[in-house]
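First to last, the protein sequences are chains A and B. Take the first sequence: its position 224, counted from the start at 1, is 629 in this note's numbering, and no numbers get skipped. Take the second sequence: its position 139, counted from the start at 1, is 544 in this note's numbering, and no numbers get skipped.
Since the hints were derived computationally from the structure, they do not count as laboratory data. Take these hints with a grain of salt, some might be off.
One copy or any two copies: either way a pair holds, since identical chains are not told apart in the list.
Listed next, the in silico DSS-like pairs over lysine-lysine satisfying Cα-Cα at most 25 Å (straight line) [unchecked claim]: (1) Lys500 <-> Lys556; (2) Lys567 <-> Lys430; (3) Lys684 <-> Lys651; (4) Lys530 <-> Lys690; (5) Lys556 <-> Lys430; (6) Lys690 <-> Lys641.
There are 2 protein chains.
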Amino acid sequence: MDFSERMSSYRDDINRSLESLFDKKSPEVLYEPMRYAVNIGGKRVRPILCGIFYRLFGGDPAKVLYPALAIELLHNFTLVHDDIMDDDDLRRGNKTVHVKWDLSTGVLSGDGIVSLAYKVLLKEKFERSGEIIRIFTDGLLEVCEGQAYDKEFETRNDVTEKEYVRMINNKTAALLAVPSAIGALCAGAGEDMVRLAEKYGRALGLAFQIQDDLLDIAGDEALFGKTYGSDVAEGKKTYLYILAVKLMNEEDHKLFLSIAGKEGITRNEIFEVRKLYEKYGILEKAENEAARYIKEAGSVIDLLPEGPFRNELKEFTAWMLKRKY
Amino acid sequence: MDFSERMSSYRDDINRSLESLFDKKSPEVLYEPMRYAVNIGGKRVRPILCGIFYRLFGGDPAKVLYPALAIELLHNFTLVHDDIMDDDDLRRGNKTVHVKWDLSTGVLSGDGIVSLAYKVLLKEKFERSGEIIRIFTDGLLEVCEGQAYDKEFETRNDVTEKEYVRMINNKTAALLAVPSAIGALCAGAGEDMVRLAEKYGRALGLAFQIQDDLLDIAGDEALFGKTYGSDVAEGKKTYLYILAVKLMNEEDHKLFLSIAGKEGITRNEIFEVRKLYEKYGILEKAENEAARYIKEAGSVIDLLPEGPFRNELKEFTAWMLKRKY
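Use the sequences and the hints to build the structure in full.
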């Protein structure tokens, strides 16, 4: 099997196992929306990453299943509640839980998913279970903090680069650091290796998020996408936005703020923002910053034990980050 | 110190310790509403109960603090999200979090409180930490299930007594069973004693909830309260409501359903419901049911080790349940 076939196979296993968590559970009014939210899917990168780190450190594949699923549930919990907070109607083309059902169901099924995440995490015992649960919990609280910063940024125009990086570190990178570290811990890796795993996850997450910010407007592909410039239209405080506010002269700054987040924004206005970004080298700066984190992730990988799963991690990293923009 | 002075002293300790959890925490947009929600207060019965069971089984008082606080936080988490789901504006005379701030803040600060609950739970290590976390997690999921049943009951007129008892067992009794069992576990009590502690908490919770249902309409004091008959006005599926639907003849059943939950209900109509309850002996039946659980709680206490903290538990039970109706 080549890499993408192996990824598909991992994903199928994970989806089957996730599905089985909801077998014959009552009350249906709770478990049906929970199951729906978890089934909306996604690439399952977090449990896959957990599995790769686990095997990289020589763990027995069967045992890592529950911690990996728990992390995917934790991630899904954040999506259900974020969709409420961001008032989003759709996720991956499907109605969000609070839209398909109602607000109460959205709140409660999120709560149910995080409870189930802990329940699943506790199903398998490891020598260092205490540390595993601690990392899991710290990740959960960190994601809440990241979401709080993100919501706060909506009301501010003076967010600094440092604040922005802290936010995406909390909100995005934490949930890639957690599966990496937990995978290593479950396999009984040494403390220094667990720290490396975490460091890798952080770098991957930061690179991924900055790339995601770029993809909104920078890629040629994005141009033809339906959501081209949707961050600009929303006035979202992305890495590009933060740099714009920091770097532009007074006139351009004013122009930029008059367009970003404007109601009824036109495609031409989005192009104008892109031109402003280009004028100040903002796209390039963001690409360089992403590249810096990609390099960091790569140099962490080089410090991990050699073997087929280190290669798997390299392929995984390239796959996560090889996006055109 | 007499019992009520000791309770006050326990409560003060708990409040001080809760407050210290929020020292210098950022982001403020997350921790300020979390702190507010936790400070709205309450009687702190769950951490107190945890402490009593802990000392009853000979534990060192200092060590039980964090598990006890974690349970109080868990309880507060459920209140913040329940207030959103029930669209309640006030809690103990203070604005609820989602009203004082906004919906997003309500959702997120609830999430933050449950995360913090786990973080606090993990601060102290015990020989049976694994089991403690498991009981805590089962309680969390059970409360979600109970809330789901409760919300579902709003749309139904055919809720059975059995379904109702399951709901309050999940929603109310679980969060009294959890502190009892965890208190015993932290002190290293034997498995049979932990099961007794849990059984006591369940009985206490069921008795407490049925009494709460009765207090809405049955007491002489309630008559003069501002919220007299508010469950009737809301058409809430209380134990009394369930019995009414089960026992009334067709005519009275029709009359009852035409009043309960009616918009712009009058005080006279609430009296009419009370008369219907009296006609079918519903208040008496509910009192008997509460008394049955009170007796059960008492007989569990008699099986616990003798000593000053068994007496404390007796006093605590009497204090929790000695409410006029």
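* Asked: What are the numbers of the hints that this structure violates, sorted from low to high?
  -> 4
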